[in-house]
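A.B. asks: So you can see what is in the structure, the chains are spelled out below.
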Amino acid sequence: MLRRLQRRWSEAPGGRRETALALVLALQAMAAVFFVGDVLADITFDGADLHLVLEAAVALALVLGVLFGALEMRRTLEEAERSRTALSAARGAMTDLIEARFAAWRLTPAETEVAFLALKGFDVAAIAGLRGAAAGTVRAQLARVYAKSGVASRAELLSLFMDDLIAGPVAGEPSGADAARLPAA
Amino acid sequence: MTGTSEETAMPAGPRWDPLVRLTHWGIAAAVLLNGLVIEEGGAIHVWIGYAALAMLALRLVWGLAGTGPARFSAFPPSLSAARAHLSDMLSGRHRVHRSHNPLGALMVYALWAMLAVVTATGIAMAGSPLAPRPGDEAGYGRAAVVAGHDEAAEEHGGAESAAGEALEEVHEVAANLLLLLAAMHVGGVALESRLSGRNLVRPMLKGS
Numbered sequence: 001m002l003r004r005l006q007r008r009w010s011e012a013p014g015g016r017r018e019t020a021l022a023l024v025l026a027l028q029a030m031a032a033v034f035f036v037g038d039v040l041a042d043i044t045f046d047g048a049d050l051h052l053v054l055e056a057a058v059a060l061a062l063v064l065g066v067l068f069g070a071l072e073m074r075r076t077l078e079e080a081e082r083s084r085t086a087l088s089a090a091r092g093a094m095t096d097l098i099e100a101r102f103a104a105w106r107l108t109p110a111e112t113e114v115a116f117l118a119l120k121g122f123d124v125a126a127i128a129g130l131r132g133a134a135a136g137t138v139r140a141q142l143a144r145v146y147a148k149s150g151v152a153s154r155a156e157l158l159s160l161f162m163d164d165l166i167a168g169p170v171a172g173e174p175s176g177a178d179a180a181r182l183p184a185a
Numbered sequence: 001m002t003g004t005s006e007e008t009a010m011p012a013g014p015r016w017d018p019l020v021r022l023t024h025w026g027i028a029a030a031v032l033l034n035g036l037v038i039e040e041g042g043a044i045h046v047w048i049g050y051a052a053l054a055m056l057a058l059r060l061v062w063g064l065a066g067t068g069p070a071r072f073s074a075f076p077p078s079l080s081a082a083r084a085h086l087s088d089m090l091s092g093r094h095r096v097h098r099s100h101n102p103l104g105a106l107m108v109y110a111l112w113a114m115l116a117v118v119t120a121t122g123i124a125m126a127g128s129p130l131a132p133r134p135g136d137e138a139g140y141g142r143a144a145v146v147a148g149h150d151e152a153a154e155e156h157g158g159a160e161s162a163a164g165e166a167l168e169e170v171h172e173v174a175a176n177l178l179l180l181l182a183a184m185h186v187g188g189v190a191l192e193s194r195l196s197g198r199n200l201v202r203p204m205l206k207g208s
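Protein chains in written order, with full-length UniProt numbering: chain A, 1 to 185; chain B, 1 to 208.
Chain A with its partners taken away, still in its complex shape (with noise of 0.2 Å):
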């Protein structure tokens, strides 16, 4: 469910700058090939002189241009790849600790839905719009989570998540002890 909802607010777009990169290499393909053809024409037809000598230069920066823009290309898509592959892995490690942490909490649903957007930052107005909901409604349910994970505000109620992320476990206590160190449920 978490993953749902996660996947509905934070739908990143993307692919811009590849786009872009692909059209201007497309037009320095178009006009690599339009000058490699004209050079070839006027060996042919007229022999080499000076002209022609600048002309196949251009000629062959603009095939060089073509060759290291794919290369750059290629670059910048498997780096944006890689990114998205590192954001996922650590959105799931975050997912997989809200979503062990609300089990543990015993949240219903809808105090689970609540709790989610209200660690995405957005406040009751903003939550009581998003869910169809009224505002003293989504209040209630925020008292309750807060109520069960024992903490009295949303500030704290992020810190709990904030302390797992920058410190990691505490030295000495072995990983898995997380559940211990929540507050009673």
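These aren't lab readings, by the way, just hints derived from the structure by calculation.
Cβ atoms here follow ideal geometry from the backbone N, Cα and C, with glycine treated the same way.
Honestly, I wouldn't trust all of these hints.
[Stated by the list, open to error] To give an idea of the chain B side of the interface with chain A (calculated C-beta under 8 Å), a few residues:
id, residue
1, D17
2, P18
3, L53
4, A57
5, G66
6, I123
7, G127
8, S128
Go by the hints and put chain B onto chain A.
C.D. replies: Relative to chain A, chain B alone:
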């Protein structure tokens, strides 16, 4: 609240990068325009032909330098794999391919080869796109093309114009074959999409 299965339920088909999509639709448009719409032999026809060759060249470079499903190594031409895929299709089994499926791969290479023949013969007849040759007063008129570039034609007489006619013959036959292959390609995509229940056109339009 487990929510783990939905992530893995749908195995991903190929995701086409922007360069593959751009060259694909660029070539498709060029082939349709030059084959069916634009009058043959005119200047626009020649420009479009050069543009198509540029797209083809870029795609071939990308087949070596590119990433993932765009690389040649992701869809090697293989008759045995194509046969296996065909029998899969007939028996209703569906495998997800990360690049072109083996039959599609054969079609891709056939289309590229035919496009290479068409553009090469076209350029051999038309010459440079930037400056009309002496003797091409009528632009890239077919008369000038068939006569060979006439300075040369005057010297070599019949040999040149016979070569020109052969070029034109090859160009036309290959162009018609290219259109036929393109139609088969569209049919194959439609059939495979229908049989596998996976829309193969969308990734080529939107990437995934």
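A.B. asks: Now tell me, hint by hint, if it's right for this structure.
C.D. replies: Hints versus structure:
Using the Cβ-Cβ criterion of 8 Å, the hint placing D17(B) at the interface with chain A is satisfied: the shortest such distance is roughly 6 Å. Satisfaction of the interface hint for P18(B) is found here, the shortest Cβ-Cβ separation to chain A being roughly 4 Å, below the 8 Å cut-off. Interface restraint check: L53(B) against chain A, minimum CB-CB distance 5 Å, threshold 8 Å, status holds. For the restraint placing A57(B) at the interface with chain A, the shortest Cβ-Cβ distance is roughly 6 Å, inside the 8 Å limit, so the hint holds.
Hint status for G66(B) relative to chain A: holds, with the closest Cβ pair at about 6 Å, below 8 Å. Given the 8 Å rule on beta carbons, the hint for I123(B) holds: about 6 Å separates it from the nearest Cβ of chain A. With a least beta-carbon distance of about 5 Å to chain A, the hint placing G127(B) at the interface is held under the 8 Å criterion. Proximity of S128(B) to chain A holds as hinted, the smallest CB-CB distance being about 4 Å (cut-off 8 Å).
Hint violations for this structure: none, all hints satisfied.
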